[in-house]
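Undergrad: Chain residues, written in single-letter form:
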Amino acid sequence: MLTVTNLGVSVRGRALVRGVSFGLAPGELLAVCGPNGAGKSTLLKLISGERRPTTGEIVLFDRALTAWRPRELAQRRAVVPQTSPCDFPFCAWEVVMLGRTPHPSSARDRDIALDALDAVGASHLAERLLPQLSGGERQRVALARAFAQLHGVQGPGLLLLDEPTAALDLQHQESVLSLLRRRCDERGDAVLIILHDLNLAGAWADRVLLMMEGQTLADAPPEEAFTPALIHRAYGVTVRTLRHPDTGRALARARPRGHPNPNSDTSRPTLTPPPKP
Amino acid sequence: MIRLTALSPPGRAQLFGLVALCVVLTLAVSLGAVSISPGQLLFAPLSRLGLTELSALTPAQEAVLWAIRLPRALLAVGVGGALGLAGALMQGLTRNPLADPGLLGVSSGAALGGAAATVLGGAWSQIGLPVAAIFGGLIVWAVVMAAARRDGAAPISTLLLCGVAVSALASSGTGLLLFIASDEQLRSLTFWTLGSLSGASWSRACLVLGALAVGLGLTARAARSLNALLLGEAEAAQLGVPVEALKLGLTVLVAVLVGLSVAFSGFIGFIGLVVPPLARLFVGADQRRVLPMSVVLGAGLLTVADLVARTCVAPAELPVGVLTALLGGPFFLYRLRAASPEV
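From first to last, the protein sequence lines stand for chains A and B.
Quick note: the first sequence, position 95, residue 94 per numbering that gives the first Met the number 0, numbers continuous.
Quick note: the second sequence, position 116, residue 115 per numbering that gives the first Met the number 0, numbers continuous.
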């Protein structure tokens, strides 16, 4: 449902993204990882149409991105930006209801908004004012807005998220990713998500797009993308990759509950820096 | 399911605002050197049509009411409402609760246009005045928006500084025109620098009110998009809003509202700054409610200010722009401190 071919963009002769190609199928969760300045956010902005590419092509739902009418596309594709600075005193539920903008307005919009807030575990925030929310609370409201935007779409939707877990605590990181995972599995939505936490990506993603200096270093399942060699090339850090043990040992991250992937127990990699000599 | 208690108070606030505006309007029409009682006001339209002899006005009252008070009060409502609406729209466009037609130079640009029409327009100056004021405001607003924006957002400090710079340019242009103006032109130009509603006439009041009604109608149709725009331009575009077209339309509308206001009443500052935050205080951030509320509050505020301006030192008259600046200046300083600790 998303095909990116030889995508590139340069600013004043400097290439921010170069020759990136990948596909995203319905029901797939793709994590984009890489060091700071690798071009992850730029890639997301290209796919969301916020920036125009200098080379390459983006095809969404079998139609070129440039051929879409903004409103039609917005009914099937939602974007969650990294930060959303907004100093106007909207209530949280009003922000979520703005997700209904591309759809004809209806009396059910408020229920849809409240359901979406409930889904991200933020119904207690419904009547709080946006400027008074913490960074993590805002991120959950932004996610709820995206869910409200995709409510009731025909066929699978596409979610593009830029580090939606950056300001979230451990519990909410897990719950946000399990929510996204469930949308992929149950509704066939496709999710492209930028993640800094490789363990989160390893635990939840079907595939990882590892980027460095605007280029693709790997496009593979987590266990193949997160090899010590590739991580070292991308981040310049030596790591050991461990398999997630069943027993939840100290250095392991929480095991994904209710994950349908039968391989999840054994094949999901967990990373930890090696002990100092 | 959550109970939404936040829903009813805005409705009540809007109703209250409208009632207050009516009361203020009645006061503005009845108070002055020749006073007219509210009862007489009630029957004035009927007796004018010859339908009743009840509480007939004296000829003096009749003349004062229909030729002076009413057009002036309606112009105050129109200009106050237009400035309030323009302020709310500018704050939405820049996503900045400190934007104001006066502070960002739009009023100065309109004043420059108006002055140019007065001094250079010759026989066309009457018709040319509002048109030139609108274009003056439009040019300045476009320049400020283009100069202050980085990546779709306009940081408050850059925006204000651009406004200062462009205001200075426009003022120097107006000064140049004052220099070459004749004595008579000079007197009529002075009123721009101070702001006054004493030039009210039925045609002016109707023109401003008409523009205001059209503006409210257009923005009501685009209200969902305007709300999405408050989240950010990229966010609005991703919600399917045609951002560029919307911005262009808003820019023209702001220029028309401010241009007409300045053309007919001179430089009346701070209404557009003070009113929208007050409206948000009462009805929240939803533009569907903020815009009408800003109109009502702006209209009420300017009507009161004008009432005070023409009665407090009677028989002389204070320029109402002086009063609004007296009110708005401290408010601006307070908001500046509260909104941006880094400024």
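Honestly, the hints are just simulated from the structure, not real lab data.
All C-beta atoms in this analysis are idealised placements derived from N, C-alpha and C, irrespective of residue type, glycine included.
Treat each hint with caution, since some may be false.
[Said to hold, decoys possible] Across the chosen pairs, the derived CB separations fall in these ranges:
no., chain 1, residue 1, chain 2, residue 2, range
1, B, V163, A, E126, 38 to 44 Å
2, A, T2, B, G209, 51 to 57 Å
3, B, A212, A, S133, 29 to 35 Å
Undergrad: Hint by hint, which ones does the structure fall short of?
TA: 3
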